[in-house]
Amino acid sequence: MIHFLSPGAGGVRTGGYLYNARLIEGLHKLGRGVSTCALQGGWPIPEPVDRRRCAEQIAALPPGPIVADGLLWTGVAQSLGPSVARRCLVLVHSPLWREEGDALRAPEEAALAAAARVVCTSARTASDLAIAAPCAVIEPGTDRAPPAAAVGGARLLCVATVTPRKAHDVLVDALARLSVPWRLRCAGSLDRDVAWADEVVAQARRLGVADRIDWLGELAEAELAAEYASASILVHPARYEGWGMALAEALARGLPVVSTPAGIFEARSEARGSAWIEVAAADPGALASALGQVLSDPRRAASLHRHALALALPDWPRQVARFVEQIDAMEVS
1 MIHFLSPGAG GVRTGGYLYN ARLIEGLHKL GRGVSTCALQ GGWPIPEPVD RRRCAEQIAA
61 LPPGPIVADG LLWTGVAQSL GPSVARRCLV LVHSPLWREE GDALRAPEEA ALAAAARVVC
121 TSARTASDLA IAAPCAVIEP GTDRAPPAAA VGGARLLCVA TVTPRKAHDV LVDALARLSV
181 PWRLRCAGSL DRDVAWADEV VAQARRLGVA DRIDWLGELA EAELAAEYAS ASILVHPARY
241 EGWGMALAEA LARGLPVVST PAGIFEARSE ARGSAWIEVA AADPGALASA LGQVLSDPRR
301 AASLHRHALA LALPDWPRQV ARFVEQIDAM EVS
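The letter at position 170 of the sequence shown is residue 170 when you use my numbering, and the numbering goes up by one with no holes.
Simulated from the structure, these hints should not be mistaken for lab results.
All figures in this text were calculated on a predicted structure; none of them were measured in a lab.
Glycine included, C-beta positions come from ideal geometry on N, C-alpha and C.
Don't take every hint at face value.
[As the list claims (entries may be wrong)] Pair ranges (Cβ atoms, derived):
| hint | residue 1 | residue 2 | range |
| --- | --- | --- | --- |
| 1 | A222 | E100 | 28 to 38 Å |
| 2 | G8 | A195 | 11 to 21 Å |
| 3 | R52 | A202 | 36 to 46 Å |
| 4 | A202 | P82 | 28 to 38 Å |
Work out the full structure, taking the sequences as your base and the hints as a guide.
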């Protein structure tokens, strides 16, 4: 039995939670037994009472390998005995210090050193951490989807939780600089950092673009698929992106992409500029210029569409099989 530890309740639709869900689904399809355990606490750094309670829950798990989400691992690893930590594979979606600040870098790296193995979801994430434990990179898979049909239009889509790292503030600033027609649809929770989300919405009002931005909140799978199908451009302004599952979904559909750097691009650098347009993070002028190019030139949009469809992206069955190899390499009882 494989025990899968998740931070808090499931059901949210961030990239990390979706990756975990697809792994669990794939493991079940391969006939591997999986039990899931949602650990409640103020992750990534819980209160001491929650840390102790969660450590006791982990220690009490029946025999078998344990997969721990990296969001919770730093907060609980110090409370686990070595015999329990040696049963654990840690799944790192994005370095904690990139979201929470540099003070978490040393604790995160120390916690990862205690694990039996580490899997990072991109080479970019792995390179951002000094990982002493055996480490593998397993990128997210991508589902086949119908090609984008609205390429050449003015409908922008941003798929990202509204938090400082995702940089919707930079996007709003960039859009206010455009002289060509556009409309933006933002799919992603506004509840993770309510104060920040309120500020970005207020910023849109101050800059006079609020009436052209639709804040959709977190969408179900079918609803999000409909947004991809009707979009003309996927725009991703993040200050840091370890991988970018929304980017992969867009590229798989041939949707023109304008984005800041992301892990998905680093392994496919030869297609930069042809399959997507990449701009520097936190630069609204550069983002506005790139968006303006695609919005005003249907031929440029069509070229991005063709080259994106030609990209080779990994599928989920292959990535799940690679994850199983990492599980089976662990010597646990």
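We went through each hint and held it up to the structure:
{"no.": "1", "hint": "A222 x E100: 28 to 38 Å", "verdict": "holds (33 Å)"}
{"no.": "2", "hint": "G8 x A195: 11 to 21 Å", "verdict": "holds (20 Å)"}
{"no.": "3", "hint": "R52 x A202: 36 to 46 Å", "verdict": "holds (41 Å)"}
{"no.": "4", "hint": "A202 x P82: 28 to 38 Å", "verdict": "violated (50 Å)"}
Of the hints listed earlier, the one the structure fails to meet is number 4.
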